[in-house]
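*Asks:* Each chain is listed here by its residues.
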Amino acid sequence: MIRFALWVLGGLVLGGIIHIVAVLGVPLFAPEPAFQRIGSFAIDGRFTILPRVAPGVHPLPLLDPAMEHAVCRFSLAHGPIRIRADLPDLYWSIAIFNRDGLSPYSLSDRAADQKPIDILIATADQINDIRDNPPDNFDNVIILDWASTEGFAILRAFVQTPGSDKVIETAFNAASCAPFQLPQ
Amino acid sequence: MRRLFELLFAITLALVTGLGSAWYVVGDGWLIRTDVFGAWAAWPMGSSPEADPYSRAVLARTGQVPLAQGEGMAFFVSRDSDGKAIRGGCTYEINGRTPPVRLWTLTVIDASGDLPGNAIDRASMRSDEVLRTGTGAFTIVLASDAQPGNWFPIPDHGFYTLILRLYDTPASLLGDLKDNALPRIERKACQ
Chain D
0 MIRFALWVLG GLVLGGIIHI VAVLGVPLFA PEPAFQRIGS FAIDGRFTIL
50 PRVAPGVHPL PLLDPAMEHA VCRFSLAHGP IRIRADLPDL YWSIAIFNRD
100 GLSPYSLSDR AADQKPIDIL IATADQINDI RDNPPDNFDN VIILDWASTE
150 GFAILRAFVQ TPGSDKVIET AFNAASCAPF QLPQ
Chain C
0 MRRLFELLFA ITLALVTGLG SAWYVVGDGW LIRTDVFGAW AAWPMGSSPE
50 ADPYSRAVLA RTGQVPLAQG EGMAFFVSRD SDGKAIRGGC TYEINGRTPP
100 VRLWTLTVID ASGDLPGNAI DRASMRSDEV LRTGTGAFTI VLASDAQPGN
150 WFPIPDHGFY TLILRLYDTP ASLLGDLKDN ALPRIERKAC Q
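Protein chains in written order, with numbering that gives the first Met the number 0: chain D, 0 to 183; chain C, 0 to 190.
It is possible that part of the hints are untrue.
Derived DEER-like restraints, expressed as beta-carbon distance ranges [stated by the list, open to error]:
id, chain 1, residue 1, chain 2, residue 2, range
1, D, Arg109, C, Ile10, 54 to 64 Å
2, D, Pro87, C, Thr132, 26 to 36 Å
3, D, Glu168, C, Asp113, 20 to 30 Å
To be clear, the hints were calculated from the coordinates, so they are not data collected in a lab. Ideal Cβ positions, reconstructed from N, Cα and C, are used throughout, including at glycine.
Build out the structure end to end from the sequences listed, making use of the hints.
*Replies:* Below is the structure:
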């Protein structure tokens with residue numbers, strides 16, 4: 000009997016180890032985290048407007064149907080990425096996520112004082128290059144020290160009135176999310 | 000021979016309990032919404048860089064892009080205030096108020112995360128459209144047939160989850176939130 004109890008105990012301990020390994024392993028083997036999903040329908044280095052959430056239409060899970068969304072996946076391999084957008088006077092927000100889907104930085108229109116978005120995402124080395132040789136007109140740029148070299152940004156804007164969607168889409172189309180060339 | 004059986008038994012037990020419990024926790028992401036206010040549950044650390052391994056696993060598995068800390072917070076509920084699953088064919092009253100935020104939206108999703116759709120094309124109820132009493136409280140009626148006031152149509156079958164998204168919330172929101180700060184969901188009648 001004791002012998003059997005020991006086997007059960009051993010099984011449960013091994014089960015605990017398997018549990019931990021399985022949970023930690025999910026991000027490595029998950030077929031479609033947000034970063035991959037976005038890459039399947041959007042070109043990197045520019046904003047893509049997502050179809051409005053509707054019955055049967057959910058470009059990414061659990062988005063708010065009251066919002067318009069645009070996403071941009073980026074890589075810092077060929078230099079920093081500068082995100083610029085001038086969004087209409089209604090609720091909007093931007094969140095920047097890393098490859099794992101975690102967001103170290105996000106901002107709403109009110110926190111931004113309704114000023115246009117101007118964010119530079121750069122690695123520590125790239126930031127050093129910028130500090131050594133600061134570009135002109137760079138005082139109002141928010142500089143993000145990015146720990147990895149990949150990520151994505153999502154813009155959300157509230158469709159306040161039935162006509163807001165067109166205004167928002169125009170602003171999303173004019174938004175940029177492109178590599179920033181350091182002045183030589 | 001006996002030892003082989005015992006070894007197989009222990010390995011089977013380990014796989015079933017280990018993988019089963021991992022699947023159970025990571026599954027659909029409900030269990031990690033650990034901040035509970037009345038019937039509503041939130042996942043405030045969901046996308047923060049300090050997220051725990053379970054949150055990271057759920058994020059990777061579901062591929063969702065949750066509201067980040069500077070954007071707002073989403074609260075989920077799939078049971079009424081008596082603990083019964085919210086289902087089509089029943090009428091529910093959502094009574095109360097929300098914390099003072101600039102904007103909130105209420106949406107309904109089905110078990111697969113899809114919007115169920117309805118005849119009046121209402122995808123959400125919003126703070127700037129909801130009818131309120133003089134005190135600022137509101138009643139939203141979830142029902143499959145037309146209702147006066149704030150009517151949110153739901154189908155007459157299936158199970159549903161409500162999502163209340165508060166936008167532009169202060170970082171201190173959760174700490175200040177009391178259990179009764181979010182609306183109650185009361186079941187009225189069922190077909």
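*Asks:* A separate judgement is required for each hint: does it hold in the structure or not?
*Replies:* Here's how the hints hold up against the structure:
no. : hint                              : result
1   : Arg109/D <-> Ile10/C: 54 to 64 Å  : 56 Å, holds
2   : Pro87/D <-> Thr132/C: 26 to 36 Å  : 32 Å, holds
3   : Glu168/D <-> Asp113/C: 20 to 30 Å : 23 Å, holds
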